Amino acid sequence: MIKKFLTTLILIIGILLLYIPILIIMLLSFNNSQRPYEFNGLTFKWYTQIFSDNSLFSAIINSWSIAICATIIATILGIFIALAINRMKQKYKPFVMFLNNMPILNADIVTGVSLMIIFTLLGFTFGRFTMLLAHIFFCIPFVVLSILPRLKQLDNNAYDAARDLGCTHMQAIRKVIIPGIKIGILTGALIAFTMSIDDFIISYYTTGEGFSNFSTWIYSRLNRRTFNPAAYAYNSIITIGSLLILIYINIGIRPGGKKIEKN
Amino acid sequence: MKKLIELHHINKSFDDQVILDDFNLYINENEFITLVGPSGCGKTTLLRIIGGLESVDEGQVIFDGKDITKLEPNERTINTVFQKYALFPHLNVYENIAFGLRLKKVNEKEIEELVKWSLKLVNLNNYEDRKIDSLSGGQQQRVAIARAIVNKPKVLLLDEPLGALDLKLRQNMQYELKELQKKLHITFIFVTHDQEEALSMSDTVVVMNSGLIQQIGTPEDIYNEPKNRFVANFIGESNIIRGKYLGDKLVEFENVVFECVDTNFEKDEICDVVIRPEDFDVVSLDKAKLIGIVTDKVFKGVHYELCVDINGKEYIVHTYEEAEINSQLGLAIDPFEIHLMKVPQIEKA
Ligand SMILES: Nc1ncnc2c1ncn2[C@@H]1O[C@H](COP(=O)(O)OP(=O)(O)OP(=O)(O)O)[C@@H](O)[C@H]1O
Ligand SMILES: [Mg+2]
Numbered sequence: 001m002i003k004k005f006l007t008t009l010i011l012i013i014g015i016l017l018l019y020i021p022i023l024i025i026m027l028l029s030f031n032n033s034q035r036p037y038e039f040n041g042l043t044f045k046w047y048t049q050i051f052s053d054n055s056l057f058s059a060i061i062n063s064w065s066i067a068i069c070a071t072i073i074a075t076i077l078g079i080f081i082a083l084a085i086n087r088m089k090q091k092y093k094p095f096v097m098f099l100n101n102m103p104i105l106n107a108d109i110v111t112g113v114s115l116m117i118i119f120t121l122l123g124f125t126f127g128r129f130t131m132l133l134a135h136i137f138f139c140i141p142f143v144v145l146s147i148l149p150r151l152k153q154l155d156n157n158a159y160d161a162a163r164d165l166g167c168t169h170m171q172a173i174r175k176v177i178i179p180g181i182k183i184g185i186l187t188g189a190l191i192a193f194t195m196s197i198d199d200f201i202i203s204y205y206t207t208g209e210g211f212s213n214f215s216t217w218i219y220s221r222l223n224r225r226t227f228n229p230a231a232y233a234y235n236s237i238i239t240i241g242s243l244l245i246l247i248y249i250n251i252g253i254r255p256g257g258k259k260i261e262k263n
Numbered sequence: 001m002k003k004l005i006e007l008h009h010i011n012k013s014f015d016d017q018v019i020l021d022d023f024n025l026y027i028n029e030n031e032f033i034t035l036v037g038p039s040g041c042g043k044t045t046l047l048r049i050i051g052g053l054e055s056v057d058e059g060q061v062i063f064d065g066k067d068i069t070k071l072e073p074n075e076r077t078i079n080t081v082f083q084k085y086a087l088f089p090h091l092n093v094y095e096n097i098a099f100g101l102r103l104k105k106v107n108e109k110e111i112e113e114l115v116k117w118s119l120k121l122v123n124l125n126n127y128e129d130r131k132i133d134s135l136s137g138g139q140q141q142r143v144a145i146a147r148a149i150v151n152k153p154k155v156l157l158l159d160e161p162l163g164a165l166d167l168k169l170r171q172n173m174q175y176e177l178k179e180l181q182k183k184l185h186i187t188f189i190f191v192t193h194d195q196e197e198a199l200s201m202s203d204t205v206v207v208m209n210s211g212l213i214q215q216i217g218t219p220e221d222i223y224n225e226p227k228n229r230f231v232a233n234f235i236g237e238s239n240i241i242r243g244k245y246l247g248d249k250l251v252e253f254e255n256v257v258f259e260c261v262d263t264n265f266e267k268d269e270i271c272d273v274v275i276r277p278e279d280f281d282v283v284s285l286d287k288a289k290l291i292g293i294v295t296d297k298v299f300k301g302v303h304y305e306l307c308v309d310i311n312g313k314e315y316i317v318h319t320y321e322e323a324e325i326n327s328q329l330g331l332a333i334d335p336f337e338i339h340l341m342k343v344p345q346i347e348k349a
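The listed protein sequences derive, respectively, from chains A and B. The numbers in the working numbering rise by one with no breaks, and the one at position 175 of the first sequence is 175. The numbers in the working numbering rise by one with no breaks, and the one at position 190 of the second sequence is 190.
Be a bit skeptical, because a hint or two may be false.
Said to hold, decoys possible - Residues on chain A that point at chain B, a partial pick, calculated with CB under 8 angstroms:
hint, residue
1, A158
2, A161
3, C167
4, V176
5, P179
Claimed, not checked - Heads up, simulated DSS-like pairs for lysine-lysine below, C-alpha to C-alpha not over 30 angstroms straight-line:
hint, chain 1, residue 1, chain 2, residue 2
6, B, K66, B, K154
7, A, K182, B, K105
8, A, K93, B, K84
9, B, K109, A, K175
10, A, K175, B, K116
11, A, K89, B, K84
12, B, K84, A, K182
13, A, K175, B, K84
14, A, K152, B, K84
15, A, K175, B, K152
16, A, K182, B, K131
17, A, K152, B, K131
Stated by the list, open to error - One side only, chain B facing chain A, incomplete, derived with CB under 10 angstroms:
hint, residue
18, R48
19, N74
20, L91
21, N151
Honestly, the hints are just simulated from the structure, not real lab data. Here the structure is a predicted model, which means the values were calculated and not measured. All residues carry an ideal CB built from backbone N, CA and C; glycine is no exception.
My request is simple: use the sequences and hints to build the entire structure.
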């Protein structure tokens, strides 16, 4: 009896700890006061201010544009790297896989600082370009990792069969290999996108010239007068948005659900 | 008959391992030719070279009089049915079969007719909309064949296409493939490591071992007149005995002189004698030329397989009559059932 009560209690505390910060941010996004510790009634003004605060809005746009560009480029490069690794001789594979996994295992701060040093040595101007490069760099391994198992599952002869039926090398990759590893590519792209839009540490070390994405924008204004609670509003929108997508996907793949994935 | 494919002095190695060694072969138009040999002897590699999926280190591939050694697979009018089908799981049956036609920009109406035609040939009417993974192994096999023949290739390469099927289905497909080849009037190059399949389906059988041709011939030739020990052992069961040719169509083995039909041996030349298990005649002891002790017997359905000990050597004998274990058995052999093979130079010494 007591044991059961305790486990339930711990569960509730755990869930609360996870969700309270999110709820607080949602609450703050409706708070009329700019200061988080006083509550002045409800308002929607922060939601409109997402668009009117130029610096915040451009940080958000930067976050998205970096994430989208990094995802697209990392996915394309990742596909080719995975194809190459898959065709590599068995002897060298573990070594290349090690190289691929290293950035994933490495602490973000190490990746961030090393990229910063490299960019400095190369004489790059820090800003949009270096941040994009950094994001592409840390996204690629995830794409490669999610594509490789799919490639392995693919029939070894699928490529040969395509060539045999009249495909050129590129046609075979486009018409047979890519559709065969589609799910791996989508997973990889999704992971890359979340990693990129989520990232703070690496972005922090590789940006400059006043270029900031959402996370570095918040960091630079936290506890300052220029901080705009519209950031809470944006966060709430993201949370609700992800929640809706999650619900939609879960309905889609539930056995017996109406929307079964079509190949 | 016209030569369609000529392989001249093909050499191929993978990492210093020689797979094909100065390989030469001619393949005729409308021929059903079978490459047979143990696993790893280079059959798939040879097919891939003909199909253009593998390059050669040296040598030439001639197709219809033209050198195609350097052509890409998509530039050759040859199609392949792969060992494990290699269908495209993201496309349905119709799209799998239409794949090659789409690349050739055939118009939609013609594609539809051709797909129907090829599905009919492989007995899969109305399977157009099925997904690949909803098909049984045998059906996938048929789709793979349809996908290849719909392109109307001059040559169809089949790499152990029946390997994954059960016995009954396999026998049906053997028959159907043979019929298909006659209907289509094209060359089939068929690979198998099953010697029975090779004998029952082919016009010509090529027996390969470790990258070398051991013998080429009709199934009858290969079975009745194997050129060497490898072929005799690989194609069917054989008793191979060391003997001596005495001249005048006489051969001596097991200290008995037999009449035979071969003549192309020197007097007193050492030779190998091949006797198929079913070619022994069981006779009464007084008429027997060889007498042995039955050491084992297995009932095989139509016949009994006996192990017979003659002068301390084991022989396999197939007979319709039962024999008791440990009893004496008298054997005779007709002259035309005795086949003599040359002994390789190195073994003579
Ligand atoms: N891409 C490759 N790289 C290295 N070695 C290879 C390659 N392809 C084939 N081999 C080797 O070449 C030899 C012949 O292979 P092949 O596939 O032609 O044999 P096979 O006669 O088709 O055998 P099976 O009956 O088992 O299919 C084998 O020893 C194999 O290990
Ligand atoms: Mg093979």
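| query | Going back to the hint list, which numbers does this structure go against? | reply | Structure breaks no hint.
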